[in-house]
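S.K.: Since chain C is already given, all that's left is putting chain G on it; use the hints.
Protein chains: 2
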Amino acid sequence: MLSWIDGQSAELLSVKDRGLAYGDGLFATLGVRHGVPQLLERQLARLALGCRRLALPCEQSLLRNELLAFAAQMGGGVLKLIITRGDGQRGYAAPQPCQVRRILQAAPRPSYPAVNAAHGVQLFPCLTRLAEQPLLAGIKHLNRLEQVLARAEWQSDMYAEGLMCDATGRVVEAVYSNLFVVQAGQLLTPALTRCGVAGVMRAELLAQAMQLGITVLEQDLSYAQLLAADEVFVCNSLYGVWPVCGLAGHDWPVGPLTRKLQAIADDLLGC
Amino acid sequence: MLSWIDGQSAELLSVKDRGLAYGDGLFATLGVRHGVPQLLERQLARLALGCRRLALPCEQSLLRNELLAFAAQMGGGVLKLIITRGDGQRGYAAPQPCQVRRILQAAPRPSYPAVNAAHGVQLFPCLTRLAEQPLLAGIKHLNRLEQVLARAEWQSDMYAEGLMCDATGRVVEAVYSNLFVVQAGQLLTPALTRCGVAGVMRAELLAQAMQLGITVLEQDLSYAQLLAADEVFVCNSLYGVWPVCGLAGHDWPVGPLTRKLQAIADDLLGC
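For the protein sequence lines, the chains are C and G, in the order given.
The first sequence maps to residues 8 to 278 in the working numbering.
The second sequence maps to residues 8 to 278 in the working numbering.
If you are wondering where the hints come from, they were derived from the structure by calculation, not from laboratory data.
Take the hints with a grain of salt, since some may be wrong.
What the hints assert, rightly or not - Below, a list of computed lysine-lysine pairs in the DSS-like style, where the Cα atoms sit at most 25 angstroms apart:
no. : chain 1 : residue 1 : chain 2 : residue 2
1   : G       : 23        : C       : 87
2   : C       : 23        : G       : 87
3   : G       : 23        : C       : 23
4   : C       : 87        : C       : 23
5   : G       : 87        : G       : 23
As the list claims (entries may be wrong) - Label pairs and their computed distance ranges (CB to CB):
no. : chain 1 : residue 1 : chain 2 : residue 2 : range
6   : C       : 141       : G       : 226       : 25 to 31 angstroms
7   : C       : 59        : G       : 193       : 40 to 46 angstroms
8   : C       : 121       : G       : 134       : 47 to 53 angstroms
9   : C       : 117       : G       : 226       : 43 to 49 angstroms
10  : G       : 103       : C       : 8         : 19 to 25 angstroms
11  : C       : 121       : G       : 230       : 55 to 61 angstroms
For each residue, glycine too, the CB sits at the ideal point set by N, CA and C.
Here chain C stands alone, though its shape is the one from the complex (with noise of 0.2 angstroms):
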């Protein structure tokens, strides 16, 4: 498969990267389709968040040139993004200055089952808390182990999904997606401030909702109101929508809200 190192092509990468040492870095997945990168502007602006939060100088025209031109190559597909901090020595501190690394990775969009997207999906409950970490919290860095370790909490093809939830039992996101609930009409989605990964779709599904009129809520999500919610559904930048449909026990319908934002989703993937 297509695979660039800071714009050249290559499949490997040195031992002392910084991303390897300490998961110091930033990733980013985008959906390729017709040789064009999904929700790159979206994409960017995490990505430009992320530098900022980890102090990673990456410039943003020389990353958004680099998406565009490794898309227009692989045709579509996955394209997978890392930066990192580049080569260190032994030893937290950084190198001054740093040269930071771009890795991009090509790969085939997944299948996932019809079904998904169609009738909903059930949630595997994730045993796995996030920790509480606000100067992480929203970024897509590269300290997953979280992800990991409730990823592996289920080997069954019934669950498309986990649920994660915080220390405390708060509601958080999915292992791979980030999670909403609408009630009495309002659209309500786990403010990401202590833990989590702000994702692409999220944020653009925020948007699209308040150009809807819609009331839009980023809050705190407690497991009762999971719940007591009339409509549950997870996304991300790759299949767009997927209503829930169950949760250790529990049933929801998939109702008209999550069918309207899954249809504006499969819209801007181009599905």
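M.R.: Chain G in isolation, oriented as in the chain C frame:
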């Protein structure tokens, strides 16, 4: 510098490695003298614990043999071992079966200022807090952004180390060291059940102090208790023990138990 991947001389790694993608792995830093890795059995014991926690199937005897062979080639310096879950496809789910990867790198021994061991060090009071994640506490995994952020808080050579607390303000450790206090003749070090790395020198000093009949406590340590301590010191497996003489305007004398344990550490490390 000498570098092996899976027993073969190599300095380049697949960009598909899950250590890079998610920090899905462990590391260890071993001093090497006269071709022998220091505190090897304790290092292996901690690696075994880490492998169990992350469900990494890594054979201890293979690891031991490789560390011994690599150290023999090095002669002296610092040996860094990284264990990852090997290559993965896109997504958090681990490949079944996975092929654990071993990466060994040699580096020169850092030249610490002699004054650190002789007169003690100043700690920088880091604002970065350690998030509480019991599933990952104690082990030396590759998700180290908190340490990267903490280490970036100071540039002045005045500080040899930085103090790290958890979100509720409990004292946990230093950025690349463990921390001990002496209070009324008792030796106390923070319990590392919520966060922190349980270093091999920490384990060694706890064992040795118990053998000397010293009362040893692993428990929560408040900032107020730290300030009220008779003696404070930090330790790791490379430099041994450094007395802590200052933190944010507070001073401690270098006490007799610190000196006793420093001598034990020096003896272990052959200093």
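S.K.: Against this structure, judge whether each hint is valid.
M.R.: To see whether the hints hold, each was checked on the structure:
For the given pair, residue 23 of chain G sits about 11 angstroms from residue 87 of chain C by alpha-carbon distance, which is consistent with the 25 angstroms threshold. For the hint pairing residue 23 of chain C with residue 87 of chain G, the CA-to-CA distance comes to about 11 angstroms; that is within 25 angstroms, so the pair holds. Restraint check for residue 23 of chain G and residue 23 of chain C: the C-alpha separation of about 15 angstroms stays at or below 25 angstroms, so the hint holds. At roughly 21 angstroms between alpha-carbon atoms, residue 87 of chain C and residue 23 of chain C fall within 25 angstroms of each other, so this suggested pair holds.
Annotation: proposed proximity of residue 87 of chain G to residue 23 of chain G holds, straight-line Cα distance about 21 angstroms (limit 25 angstroms). In this structure, residue 141 of chain C and residue 226 of chain G meet the distance hint of 25 to 31 angstroms, their C-beta atoms being roughly 26 angstroms apart. About 45 angstroms separates the C-beta atoms of residue 59 of chain C and residue 193 of chain G, a value consistent with the hinted range of 40 to 46 angstroms. Here the CB-CB span from residue 121 of chain C to residue 134 of chain G is close to 49 angstroms, well matched to the stated 47 to 53 angstroms.
At about 47 angstroms, the CB distance of residue 117 of chain C to residue 226 of chain G agrees with the hint of 43 to 49 angstroms. For the pair residue 103 of chain G and residue 8 of chain C, the supplied restraint of 19 to 25 angstroms holds, since their beta-carbon distance comes to about 21 angstroms. For residue 121 of chain C and residue 230 of chain G, the hinted distance range of 55 to 61 angstroms is satisfied, since their beta carbons lie about 56 angstroms from each other.
Of the numbered hints stated above, none is contradicted by the structure.
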